[in-house]
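Asker: Sequence:
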Amino acid sequence: MNTTHTRTRSRRGRTLAREAVRDQRREALLVLLGRADRGALTGADARQLRDLAAAEVAECDAFRRSAGGQQAAALKLRHRVEAAEQAMREIEAERDQYAAEAEALRAAAGQGDR
Numbered sequence: 001m002n003t004t005h006t007r008t009r010s011r012r013g014r015t016l017a018r019e020a021v022r023d024q025r026r027e028a029l030l031v032l033l034g035r036a037d038r039g040a041l042t043g044a045d046a047r048q049l050r051d052l053a054a055a056e057v058a059e060c061d062a063f064r065r066s067a068g069g070q071q072a073a074a075l076k077l078r079h080r081v082e083a084a085e086q087a088m089r090e091i092e093a094e095r096d097q098y099a100a101e102a103e104a105l106r107a108a109a110g111q112g113d114r
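First residue of the sequence shown: 1, per my numbering; consecutive thereafter.
The hints are simulated quantities; they were obtained by calculation from the structure and are not laboratory data.
Since the model is a prediction, treat every value here as computed from it, not as a measurement.
Idealized CB from N, CA, C, for every residue including glycine.
Possibly wrong hints are sitting among the right ones.
[Unchecked claim] FRET-style restraints, in silico, Cβ to Cβ:
| id | residue 1 | residue 2 | range |
| --- | --- | --- | --- |
| 1 | ALA40 | SER66 | 32 to 40 Å |
| 2 | GLU19 | GLN70 | 45 to 53 Å |
| 3 | GLN24 | GLU85 | 42 to 50 Å |
| 4 | GLN71 | GLU19 | 50 to 58 Å |
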């Protein structure tokens with residue numbers, strides 16, 4: 001029995017598969033653009049060029065949306081960290097105030113014992 005999994009089941013495998021498709025698409029684009037430069041583009045080539053360009057645009061748009069979402073998430077986390085740090089500063093200041101009050105009470109209690 002074969003218990004090995006295909007590479008595309010892992011995240012890295014899916015990434016490699018997407019990169020391979022992207023590389024093939026870009027190679028085909030370069031070939032078609034070269035034909036267009038030479039004036040040797042057929043009707044089928046023109047349709048393929050349009051399809052490949054549309055796929056590139058769609059992938060770029062998806063990447064931009066993803067990047068925008070990641071930036072928003074990073075900003076939200078940064079705000080949470082800043083709020084946590086501010087809360088820590090406030091708690092530390094409060095702790096120092098209570099420590100000073102406790103020391104003053106100890107000193108006053110020590111003077112009362114005399």
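Asker: Regarding GLN71 and GLU19, is the given constraint of 50 to 58 Å on their beta-carbon distance met?
Answerer: violated, 23 Å
Asker: Given the range 42 to 50 Å, decide if the beta-carbon distance of GLN24 to GLU85 lies inside it.
Answerer: For GLN24 and GLU85 the Cβ distance comes to about 48 Å; the hint holds.
Asker: Indicate whether the distance between the beta carbons of GLU19 and GLN70 respects the range 45 to 53 Å.
Answerer: 19 Å Cβ-Cβ, so the 45 to 53 Å window is violated.
Asker: Has the hinted range 32 to 40 Å been met by the Cβ atoms of ALA40 and SER66?
Answerer: Holds, since ALA40 and SER66 (Cβ atoms, about 37 Å apart) stay within the stated range.
Figure legend: structure checked against the earlier numbered hints; hints not met, in rising order: 2 and 4.
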